[in-house]
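Be aware that the sequence shown starts at 1, since it is given in UniProt numbering, and climbs by one per residue.
Just so you know, the hints here were simulated from the structure itself, not pulled from any lab data.
Treat each hint with caution, since some may be false.
Label pairs and their computed distance ranges (CB to CB) [unchecked claim]:
(1) Ile-57 <-> Ser-105: 14 to 24 Å
(2) Gln-87 <-> Ala-60: 10 to 20 Å
(3) Arg-15 <-> Gln-87: 28 to 38 Å
(4) Glu-11 <-> Phe-106: 13 to 23 Å
(5) Phe-106 <-> Arg-8: 10 to 20 Å
(6) Pro-97 <-> Glu-19: 30 to 40 Å
In silico DSS-like cross-links for lysine-lysine, where the CA-CA straight-line distance does not exceed 27 Å [as the list claims (entries may be wrong)]:
(7) Lys-43 <-> Lys-102
(8) Lys-69 <-> Lys-104
(9) Lys-175 <-> Lys-122
(10) Lys-35 <-> Lys-104
(11) Lys-104 <-> Lys-83
(12) Lys-126 <-> Lys-186
(13) Lys-102 <-> Lys-13
(14) Lys-104 <-> Lys-126
(15) Lys-175 <-> Lys-83
(16) Lys-186 <-> Lys-122
(17) Lys-122 <-> Lys-35
(18) Lys-126 <-> Lys-175
(19) Lys-13 <-> Lys-86
(20) Lys-122 <-> Lys-43
(21) Lys-122 <-> Lys-69
(22) Lys-35 <-> Lys-102
(23) Lys-122 <-> Lys-83
(24) Lys-13 <-> Lys-104
(25) Lys-69 <-> Lys-13
(26) Lys-43 <-> Lys-126
(27) Lys-13 <-> Lys-175
Cβ atoms here follow ideal geometry from the backbone N, Cα and C, with glycine treated the same way.
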Amino acid sequence: MEISAECRALEAKLRGFVEPNIYINPDVYTDAEPKQLIILVQKIINSVSLNLHQILIDEAIFTPLNHFKDDQWYNIFANFIQKHQKQIKSVYFSILPYEQWKRKSFSAMKIRMIGVFVDILKLVSKNHFRTKVEENQLDAAERFSSHQKQENNTLDMLCQQKIQIGPEFIMIQNKMLEAIQRLDAKVDDLWSRVGNIEGIVKNIYVELIK
């Protein structure tokens with residue numbers, strides 16, 4: 001009964017995590033044959049996402065779990081669980097010594113170990129995804145900061161240029177105002193002269209018609 005419950009629990013954990021779904025027949029694992037358990041683990045790691053494949057390759061366990069045998073295989077498997085088990089919230093369990101693993105007993109405990117292994121795979125995958133998201137967000141923030149810095153530098157440069165040409169512009173503007181004032185003075189002088197000429201002409205005309 002206990003082995004059936006552990007198999008159902010493991011099957012539920014795998015549902016939606018591996019593709020295609022893996023169905024676990026308790027009868028296959030009742031005698032706790034290590035060879036069958038190794039095949040099950042290999043089937044699991046070969047059915048997870050390609051991203052998780054890469055994570056397992058980086059952890060240096062993907063190839064060993066697929067090709068190692070006996071105690072070499074179990075050492076890789078158990079060490080991976082031991083490395084990550086504190087990060088997960090799982091039912092109480094203990095990692096079996098290899099001498100107990102290779103016996104045809106402890107079937108429920110062995111399936112439970114594989115269940116914890118799956119919990120760890122899920123956690124590692126989730127953490128990897130979160131790290132990637134954070135890296136992308138950080139990268140985007142850095143790009144925005146760099147772009148903003150560029151804009152600020154450009155604005156500073158323009159302000160500096162404005163400050164540099166400011167006195168020259170003011171000097172030119174003052175010269176233009178002085179020229180306009182001189183022109184206005186000349187126009188006023190011409191109008192006054194025209195007025196004087198008109199007065200002289202009128203006086204001459206008056207004298208002629210007397």
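Consistency of the hints with the structure:
| no. | hint | result |
| --- | --- | --- |
| 1 | Ile-57 <-> Ser-105: 14 to 24 Å | violated, 33 Å |
| 2 | Gln-87 <-> Ala-60: 10 to 20 Å | holds, 18 Å |
| 3 | Arg-15 <-> Gln-87: 28 to 38 Å | violated, 22 Å |
| 4 | Glu-11 <-> Phe-106: 13 to 23 Å | holds, 19 Å |
| 5 | Phe-106 <-> Arg-8: 10 to 20 Å | holds, 18 Å |
| 6 | Pro-97 <-> Glu-19: 30 to 40 Å | holds, 34 Å |
| 7 | Lys-43 <-> Lys-102 | holds, 19 Å |
| 8 | Lys-69 <-> Lys-104 | holds, 16 Å |
| 9 | Lys-175 <-> Lys-122 | violated, 78 Å |
| 10 | Lys-35 <-> Lys-104 | holds, 10 Å |
| 11 | Lys-104 <-> Lys-83 | holds, 26 Å |
| 12 | Lys-126 <-> Lys-186 | violated, 87 Å |
| 13 | Lys-102 <-> Lys-13 | holds, 25 Å |
| 14 | Lys-104 <-> Lys-126 | violated, 34 Å |
| 15 | Lys-175 <-> Lys-83 | violated, 82 Å |
| 16 | Lys-186 <-> Lys-122 | violated, 93 Å |
| 17 | Lys-122 <-> Lys-35 | holds, 24 Å |
| 18 | Lys-126 <-> Lys-175 | violated, 72 Å |
| 19 | Lys-13 <-> Lys-86 | holds, 19 Å |
| 20 | Lys-122 <-> Lys-43 | holds, 16 Å |
| 21 | Lys-122 <-> Lys-69 | holds, 24 Å |
| 22 | Lys-35 <-> Lys-102 | holds, 9 Å |
| 23 | Lys-122 <-> Lys-83 | holds, 15 Å |
| 24 | Lys-13 <-> Lys-104 | holds, 24 Å |
| 25 | Lys-69 <-> Lys-13 | holds, 25 Å |
| 26 | Lys-43 <-> Lys-126 | holds, 20 Å |
| 27 | Lys-13 <-> Lys-175 | violated, 86 Å |
When each numbered hint is compared with the structure, violations occur for hints 1, 3, 9, 12, 14, 15, 16, 18 and 27.
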